[in-house]
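Asker: Protein chains in written order, with the working numbering: chain A, 1202 to 1461; chain B, 178 to 557.
The hints are simulated quantities; they were obtained by calculation from the structure and are not laboratory data.
One or more of the hints may lead you astray.
Listed next, the in silico DSSO-like pairs over lysine-lysine satisfying Cα-Cα at most 30 Å (straight line) [unchecked claim]:
id	chain 1	residue 1	chain 2	residue 2
1	A	K1328	B	K514
2	B	K514	B	K390
3	A	K1345	B	K476
4	A	K1345	B	K514
5	B	K390	A	K1345
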Amino acid sequence: MTEGADRLITRGVSVRTRRAGKGAPMLFLHGAGGWPAWLPFFDRLAQHYALTVPEHPGFGASDDPAWLRDIADLAMYHLDVLDQNFSAPVHVIGHSLGGWTAAEAAVRNSSRIASLTLIAPAGLRIKGIPPGDIFIWSPEEFEKNRFHDQSFAAPAPPVPANEEELDIALQNRLAAVKFGWQPRLFNPNLDKWLHRINVPTHIVWGREDQLLPSAYASLWSERVPDAEVTMVEACGHSPHIERLDPVAEKILAFIDRVRP
Amino acid sequence: MKFVCFHLMPYRPLDLEAAKKHRSAWVVLPNSFYDPEKGAAEYDSYLDQLTYAEQLGFDAIGVNEHHQTAYGLMPAPNLIASALIQRTKKVQIAVLGRALPLVNNPINIAEEFAMLDVLSKGRLIAGFVRGIGAEYHSTGVNPAFSHERFHEAHDLIVKAWTTPGPFEFEGDHFRLRYVNLWPRPYQKPRPPVWIPSMGSRETVVWASAPERKYPFMVTFSPENAVVRYHNMYREAAQTHGYAASGSQLGWAAPIYVAESDERARDEAKAGIESLFNNFLPMPYEMLLPPGYTSNASMKATIKLRPALGAWPRQQSIDELIANGTVVVGSPATVGEKIARVRDQTGFEILITLLQFGVLPDHLARRNMELFAGEVMPKLR
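Same shape as in the complex, but just chain A (with noise of 0.2 Å):
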């Protein structure tokens, strides 16, 4: 692994990352609002492996090329990641945006990934069934909507709390529109090559995910092959903090069974 303090240096662009864990390697690529807090969840994760959570170049305090410019750009830059920071094949579990970039990244080269986990994934649009517009809700509307069970949705919007938190911010949101503006948050040729996938591959969603309607995972189901769905029931658009202990156990499992 290509050590900076905290930062993941693949082909010059340094971005930020955090690792805990040993074992087999494993990625966890995060979505649009940008790159998390330590999330208990990879605490469960890091328990078994051994845990990359970077940040993806054009979002917060990372690098952001010039060459960076749409979705296909940020897949590539992580089979760079994937060929020259991990010695063996990568357990990649990509979360929303995340998700849809490590599907896309799949369907150019899955040989250094050794299994895929997509947590409600964006990329692909069923006509008819709109996701939700995360461009105009306010910071209220936002909040609410993440989350099924309102206990987990802050009483207000986070509001940055010093310079450098507003400016990490406003990239995020930059780095999101950039990717998903339009079309917005998927890419129209994407479900023509997911049969492409040929790693095992784990779709999690929750049933009542306000921002990417649940009614998606039949989609991925039916083009990435001998794709495995986990729906949690009363959940929204993040399972893995929302229903945390059993999607929790629930990716582990299918990771334990299915790794080489």
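Once you have looked at the hints, place chain B on chain A.
Answerer: Below, chain B alone, put in the same frame as chain A:
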């Protein structure tokens, strides 16, 4: 001083109370609020007003482009400009402006402007804008590439007007094997280009560059901001190595004139307050989608308005008069207020919005007459 009679063509029959239940009069206000028969009457009234402006002695009449909103009924302003050309003889026609990043092929804009210039035998003033934030929602164009698309579309349009074709244009957003404009513009080397803007340093520096020297129009801003932007333009020109002339500086403002200050305020109140509190407001997510302005400009806005989502703030006509966003009063008062800004900045283009919000025809027309008859001569 040069005077433009400018129009937004708002949809006055809007049920303001019912519309308030929606998050904005932009993007999401259902178009079931629009009645085409009433809309037809609105076009008639507004075209009559702008035609009347030529008789009253204005130098130019102006229209602009907005999409999916009751704020302005001109998604295709060149159609209105074409109608105005047929109804007028000498007055200049200012389209302020077309939103360059929002189109898939900027050649369409170059062609239409060239047609208007030829149809009017050289009376066109071509405005270039980026569109407002809400229009990135209503067109789907990615705001993260707004500036790139604006600059590239601008380069393409100006080159198409001034360089013999056919030539190939190789951009990042626009790629055209054949650019060969028929018709070419009437004016030589091209129609004048004006840049209306809510104001940003990036735009000021770009517009004032020696190869452009585009007149810069500050729109809907308090008096101190107008002065600040005019001076910023003059400083940018100095940095570029020349002194800007007053003909490069413009101010666009709602103006209302009546016999006395008090009468003017009372008559303008409903129109002004509906403009600022009903037609214009939109939430932050619509006004400033990410990328529409630089993160630095975005931060400045957020600091001015720390409680995101607190929009819309209700503004009274008295506040708007006091900070100079609108100019309302007797002929003497209005003349003095405009002269006060001119004395500070030397600006020479005044874009007057003499019908605004729900202001009815008879008041708009009297406003135009009083402005043209009693204010304009003193400022010329």
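Asker: Indicate, hint by hint, whether the structure satisfies it.
Answerer: Going down the list of hints, with the structure as the test:
| no. | hint | result |
| --- | --- | --- |
| 1 | A/K1328 - B/K514 | 56 Å, violated |
| 2 | B/K514 - B/K390 | 27 Å, holds |
| 3 | A/K1345 - B/K476 | 25 Å, holds |
| 4 | A/K1345 - B/K514 | 48 Å, violated |
| 5 | B/K390 - A/K1345 | 49 Å, violated |
Against the hints set out earlier in the document, violations occur for numbers 1, 4, 5.
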